[in-house]
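A.B. asks: If you're matching them up, the sequences are chains B and X in order.
Residue 202 is where the first sequence starts when you use this note's numbering, and the numbers rise one by one after that.
Residue 335 is where the second sequence starts when you use this note's numbering, and the numbers rise one by one after that.
Hints were generated in silico from the structure; no laboratory data involved.
Note that the structure is a prediction, hence the values are computed from the model and not measured.
Certain hints may be false.
[Stated by the list, open to error] Think about it this way: if two alpha-carbon atoms lie no more than 30 Å apart in a straight line, the pair counts; the simulated DSSO-like pairs of lysine-lysine are:
id: 1; chain 1: X; residue 1: 675; chain 2: X; residue 2: 483
id: 2; chain 1: X; residue 1: 567; chain 2: X; residue 2: 554
id: 3; chain 1: X; residue 1: 391; chain 2: X; residue 2: 458
id: 4; chain 1: X; residue 1: 554; chain 2: X; residue 2: 587
id: 5; chain 1: X; residue 1: 440; chain 2: B; residue 2: 244
id: 6; chain 1: B; residue 1: 244; chain 2: X; residue 2: 391
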Amino acid sequence: MDWIENASAEWFPLPIRRLPALPIPPTAYDATRRQYQSVEIMKLLSEIAPKSASRILGVTDVDLAIPMLSFLFGQAQFDGPVAVVSLCRLHQEFYGLPEAEGLLRERTVKEVLHELGHTFGLVHCNDPSCAMSLATHIELVDAKAEQYCSRCGRHLVQRFSRKEGV
Amino acid sequence: MKKNWPILVVDDEDVMCESMAAWLREDGYRVDTAPNGQRALELARAADYAICFVDLKMPGGMDGIETMMEIHRIRPEASIIIITAYATVDTAIQAMKEGAQEYIVKPCNPQEISMLVSRILKLKKLQSENAILRKKLTRQYRHHDVITKNPRMEEILSLTQEVASLRSTVLIRGESGTGKELIARAVHFSGSRAEKPFIVVSCAALTETLLESELFGYEKGAFTGANGQAKGKFELANGGTIFLDEIGDISPKLQADLLRVLQERRFYRVGGNQEVEVDVRVIAATNKNLAEEVQQSRFREDLYYRLNVIEIRLPPLRERREDIPLLAEHFVQRISTELGKDVNGLSEEALRILIAYDWPGNVRELENVIERAIVTCHNGTLEEQDFAWLTRGEQKSDAWEVPDVPLGELERRAIVAALERKHGNVKEASTALGIDRSTLYDKLKRYEISH
């Protein structure tokens, strides 16, 4: 969790607070798909978010999905307060490979920056090395850098300098 | 850009609608959702959706197929993607038959859906660009964009309107630069074929064999390098118009082939044995006097009569001098904007020069002359001196006539003339001709020129 905090602090000039872990709501579990509906998890996050928090990010190990899509690395409310990231498919083990902690850390940071970027109004970026590019499989996550491209980075700086929506 | 392509998601399950909408919004799309067919139609009436995701099974009221058909009625351009939880071939076939663009089974891979959406939108973008270009072209070639106040030209314009909706062949005659292609386009874009292709073929630019495969296409193996089947211009113009420029220059064999297409509306591709049928209107143009060509047996009489169903004769610019000021002003405005120069008009003296000049290259020459003047002009108005070179004998040198002889004969004559000018001095003659002395000696030998 420390790397997530550090990476977020680097890009978002806001105080960060860590909340205690929560059980996944049973309503989120889809027994047929053996996955968890991210919408339900995001609903819970929005309920427990402290009033003082401008954004709340959930980090989970369970496999996330929505009815239409077979899986998600994470999801966010576009320009809204809630985001969630799943580590399930970021583990090398998921692909039958030996675990690599460094790689997991990199992937997690990329996905956290991606989903938080959405909550601050960033849409998918065409630059495949930007954290905001759309990754529909793990190779595309690995192709990204652990940072935003200059255009997306500028959008965030402008947004924070105007204190808009923060 | 993506915001210009709104997307609608129709599903009775709120969680499905919202999660899908949220995912697409992350990609930058404007997304609306509807819990049932009724609401979907209300939304479709108000917004021009590029893509509608419609769930096949929606309890109570309209199902997915009905919703799709109704949306199509309101927005025929919208691409509809039917979503279903179960893959059943029958419903998939029905959905596609009723006009669904795609059919996807949920849950599907994020990559699949992301590629599907971008593929459809790429197509939409091309379609809309195409529509804009077509509109522009139609506007450009509407007859009242032909600038004239000459009674003969006005008669021609009204004739183009009368013949626009017919399929009859049109023969446009006129000197080069009089606007034959412009008139051909006016005929095409004013008629019922305006939405279909307008294909231009310049007959003089190609050799006989190239022109043949250009016009009629070819089959694989028809000649060396024919690696696959290719459609010819006649096939590409199907439903529309083919404009055969400089028709007077085609070979006797092609004249016969063309006659057959005009008579039977069918032809063989080069190397093919299957007939291809086409519905094409032919507009031909020439700067030659075809009737005379027929008399000299250089052009088939039967083809001439087939082509000459409706004849339009474009007058040269020197016979419609009253249009010169109008055209000149028009070109000044257009070209100065294009070149980003601040030139607003022409002085009276400048106009007088333009009106007096004979314009052997007609309107095209006028356009080029105005462009040259604008490029070199340093004032806001084109003055007499900007066109002074027109009156300095350039007209004559432009009109230099190349004698109708083989290239070798031209070279021989040039060498003889150079030797005469230099009084038989080979060294001086070779310098004047821009070749070295030994080359000149070789040529003297080859052309058997004594000196």
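A.B. asks: None of the hints should be skipped; say for each whether it holds.
C.D. replies: Hints, verified against the model:
no., hint, verdict
1, X:675 to X:483, "holds, 28 Å"
2, X:567 to X:554, "holds, 17 Å"
3, X:391 to X:458, "holds, 27 Å"
4, X:554 to X:587, "holds, 22 Å"
5, X:440 to B:244, "holds, 22 Å"
6, B:244 to X:391, "holds, 26 Å"
Comparing the model with each numbered hint stated earlier shows that all of them hold.
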